[in-house]
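2 protein chains.
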Amino acid sequence: MSESRTELSQLGEFGLINRLAEGISTQNHSTVMGIGDDAAVINTGDQYGLLAADMLVEGVHFDLSYVPLQHLGYKAISVNVSDIAAMNGKPEQVTVSLGLSNRFSVEAIEALYEGMKAAAKAFQVDIVGGDTTTSKSGLIISISVFGKVEKEKVAYRKGAKVGDILCATGDLGGAFMGLQVMEREKQAFMANPNLQPQLENYEYIVQRQLKPIARMDIIHELAEFGVVPTSMIDISDGLASECLHLSTHSGVGIQIYEDKIPIDRQTYETAVEFNLDPITCALNGGEDYELLFTIKQEDYEKLEKHEDIHFIGHTQELTKGNRLVTKNNNLVELKAQGWNHLSGQKEDN
Amino acid sequence: MSESRTELSQLGEFGLINRLAEGISTQNHSTVMGIGDDAAVINTGDQYGLLAADMLVEGVHFDLSYVPLQHLGYKAISVNVSDIAAMNGKPEQVTVSLGLSNRFSVEAIEALYEGMKAAAKAFQVDIVGGDTTTSKSGLIISISVFGKVEKEKVAYRKGAKVGDILCATGDLGGAFMGLQVMEREKQAFMANPNLQPQLENYEYIVQRQLKPIARMDIIHELAEFGVVPTSMIDISDGLASECLHLSTHSGVGIQIYEDKIPIDRQTYETAVEFNLDPITCALNGGEDYELLFTIKQEDYEKLEKHEDIHFIGHTQELTKGNRLVTKNNNLVELKAQGWNHLSGQKEDN
Chain C
83 MSESRTELSQ LGEFGLINRL AEGISTQNHS TVMGIGDDAA VINTGDQYGL
133 LAADMLVEGV HFDLSYVPLQ HLGYKAISVN VSDIAAMNGK PEQVTVSLGL
183 SNRFSVEAIE ALYEGMKAAA KAFQVDIVGG DTTTSKSGLI ISISVFGKVE
233 KEKVAYRKGA KVGDILCATG DLGGAFMGLQ VMEREKQAFM ANPNLQPQLE
283 NYEYIVQRQL KPIARMDIIH ELAEFGVVPT SMIDISDGLA SECLHLSTHS
333 GVGIQIYEDK IPIDRQTYET AVEFNLDPIT CALNGGEDYE LLFTIKQEDY
383 EKLEKHEDIH FIGHTQELTK GNRLVTKNNN LVELKAQGWN HLSGQKEDN
Chain Z
83 MSESRTELSQ LGEFGLINRL AEGISTQNHS TVMGIGDDAA VINTGDQYGL
133 LAADMLVEGV HFDLSYVPLQ HLGYKAISVN VSDIAAMNGK PEQVTVSLGL
183 SNRFSVEAIE ALYEGMKAAA KAFQVDIVGG DTTTSKSGLI ISISVFGKVE
233 KEKVAYRKGA KVGDILCATG DLGGAFMGLQ VMEREKQAFM ANPNLQPQLE
283 NYEYIVQRQL KPIARMDIIH ELAEFGVVPT SMIDISDGLA SECLHLSTHS
333 GVGIQIYEDK IPIDRQTYET AVEFNLDPIT CALNGGEDYE LLFTIKQEDY
383 EKLEKHEDIH FIGHTQELTK GNRLVTKNNN LVELKAQGWN HLSGQKEDN
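Protein chains in written order, with my numbering: chain C, 83 to 431; chain Z, 83 to 431.
Be aware that one or more of the hints could be misleading.
Here are the simulated SDA-like pairs of lysine to any residue, each with C-alpha atoms no more than 20 Å apart in a straight line [claimed, not checked]: (1) C:K203 to Z:I106; (2) Z:K240 to Z:L413; (3) Z:K378 to Z:F356; (4) Z:K402 to Z:L413; (5) Z:K218 to C:R185; (6) Z:K203 to C:E104; (7) Z:K218 to Z:K240; (8) C:K203 to Z:N110; (9) Z:K243 to Z:Y382; (10) Z:K199 to C:Q109; (11) Z:K235 to C:G127; (12) Z:K199 to C:K218; (13) Z:K218 to C:S183; (14) Z:K199 to C:G127; (15) C:K402 to C:Y339; (16) C:K218 to Z:S219.
Read the hints as simulated data drawn from the structure, not as lab findings.
Just so it is clear, the structure is predicted and the values come from calculations on it, not from any experiment.
Construct the entire structure; sequences and hints are all you get.
Right under this line is the structure:
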């Protein structure tokens, strides 16, 4: 064993993943893409298979004092489906592994499962297996998802070319603001347990946090419109972080425009109420599970009228860097303040 | 929410899985087999894909006071590979999701990964993704595995017919006795920290516990000999429990013979030293990760001379039940004392 000790917090989540991924090579011909995208790509013959996995840990990813188990079950499936969507694929099977402490009743686990089954139905995936075991502390949900994509339609992070148009779906920053509202209500409740949570003006953003809906609708519509994104990623860590991922993998710079970034009115107003900059929330607030993708300029007309696809920027030579053009026409370097799940702190990456 | 509260311990692991599996139906044509076998079976075109997942939790499945991280990494991959072997398939990709507490250094996680990489190389699987996150208490390892099998060669739990021959590979009970030895040495060390662990006479069984090797060699040999098992399962919970699974799924009774059950000499002698019945250890001790399968009588000759395949019994009409024939020619009903991972207690099932 090595004598040196490096703390996990010194590396951060992305640093650790990069360090562990070093020296991992693939040996099977069927492995088309290993570590480094939203899902692994597996050659299954006529099509590609897609494989991804996500783990959700109580106290790290969710707080059961305000997250209903049914919503949590739905979200656990949805975030995995989102990884398959981000490859332009369709999810078909999931495995569900649960670590459970004795604190949970059978009825509680059934509520969790009800949410999973609702999501499975909504996204047309089958729950086909998994594992159930004891946990020493709280709830652990580990899901893997298998999906399919036609070989010529797979969308990697790495495919963007200079001059492509950058698209974002839905609206951004809402899930982050929903979390802020629920945290505030929790603090208020803890200070005075007679208080009822005040959530009626925040329904949309709370829903964005509790029950994100993977954008499979967009994947189906892209197929209908005959558009294959040149690159794609799901927006789980914030728009800025995902832009930088596309940039790194594709070897292009990305320029986005502040006035094009889609922000819902409730997100905007709540951010202002919390003395936060709405744009910063959209850039760095995670868990929206929208899609960020690039298309060729010639495909613009096909999507132009889509109400829920927003053209927020374009790719450029890598030497021009990754930049935000503000409303005042200033150029600001894009930096990701991704959530560091290992330390629970925001980190630059 | 329901007002009643049912404790998890009232149902046990198998009971909970059965309860959650109720009401789960499959909706995709590609799902050939969902919950209920060692792996799910997915139609990917010319072949079947196989998908399985397992979660290992510190303090439940392993004790880091005597389990080296490198061995643990190897074992985590091996037990997942074993699920694919049990379908007569070949594993090709795995995802690795880790929950880590701050107690672990980067070097410790690298040691864990070294073991995983060694197993990946040994079993020719690629580590293609996963997730890394914080855990509030200890180490959580959640792995999913994807494999392939030719459609006409898939082996389910359900395929045994009356009159088939029952085969077990390797030897049984060793992993369980290895665990007993390590637990004893841990107790001795805790009573007197100056004591060195005495493991030199127990190397084989300690290895069986720490670093089980999935029997992919057997899968390759069965293919060479042109034998497709009529049913198969891996021996993770003990021989008796697995016999009952094959019985339930196939709708046949199983008769095994005490004098045919393969037990290594070190396992036998250690069991006697611990005042345990070696046969009981083989029947109910888990984690050997050998294979249990049935073959047609006409295939017997093809495997007859294989040194590591043991013909321990046969199937019979379900009405004859599941029985052990003792050395004295007594008939004893087979009962599974499977390990209950939820309560940490042995349970009948």
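Satisfaction of hint between I106 (chain Z) and K203 (chain C), Cα-Cα up to 20 Å | Holds, because 10 Å separates the two Cα atoms, which is no more than 20 Å.
Within 20 Å, alpha carbon to alpha carbon, are K203 (chain Z) and E104 (chain C)?
-> 15 Å, holds
Going straight from one Cα to the other, do K203 (chain C) and N110 (chain Z) come out at no more than 20 Å?
-> Given that 20 Å is the threshold and the Cα spacing comes to 11 Å, the pair holds.
Does L413 (chain Z) lie within 20 Å of K402 (chain Z) when you go C-alpha to C-alpha?
-> Holds. K402 (chain Z) to L413 (chain Z) sits at ~11 Å (cutoff 20 Å).
K199 (chain Z) and G127 (chain C): Cα distance at most 20 Å?
-> 26 Å, violated
Straight-line alpha-carbon gap K218 (chain Z) to R185 (chain C), limit 20 Å = 16 Å, holds
Take the C-alpha atoms of K235 (chain Z) and G127 (chain C), compute the straight-line distance between them, and say whether it is at most 20 Å.
-> 18 Å, holds
Taking 20 Å as the top limit, are the C-alpha atoms of K378 (chain Z) and F356 (chain Z) close enough?
-> Answer violated: K378 (chain Z) to F356 (chain Z) is near 39 Å, above 20 Å.
20 Å Cα cutoff - pair K218 (chain C), S219 (chain Z) = Roughly 7 Å separates the two Cα atoms, so the pair holds.
Given pair status - Y382 (chain Z), K243 (chain Z), alpha carbons within 20 Å = 15 Å, holds
Is it true that the CA of K240 (chain Z) sits at most 20 Å from the CA of L413 (chain Z)?
-> Violated, at roughly 25 Å.
Compare the distance between the alpha carbons of K218 (chain Z) and S183 (chain C) with 20 Å, and conclude whether the hinted pair is satisfied.
-> The given pair, whose Cα atoms are some 13 Å apart, holds under the 20 Å limit.
In the structure shown, a violation is registered for the earlier hints numbered 2, 3, 7, 12, 14, in ascending order.
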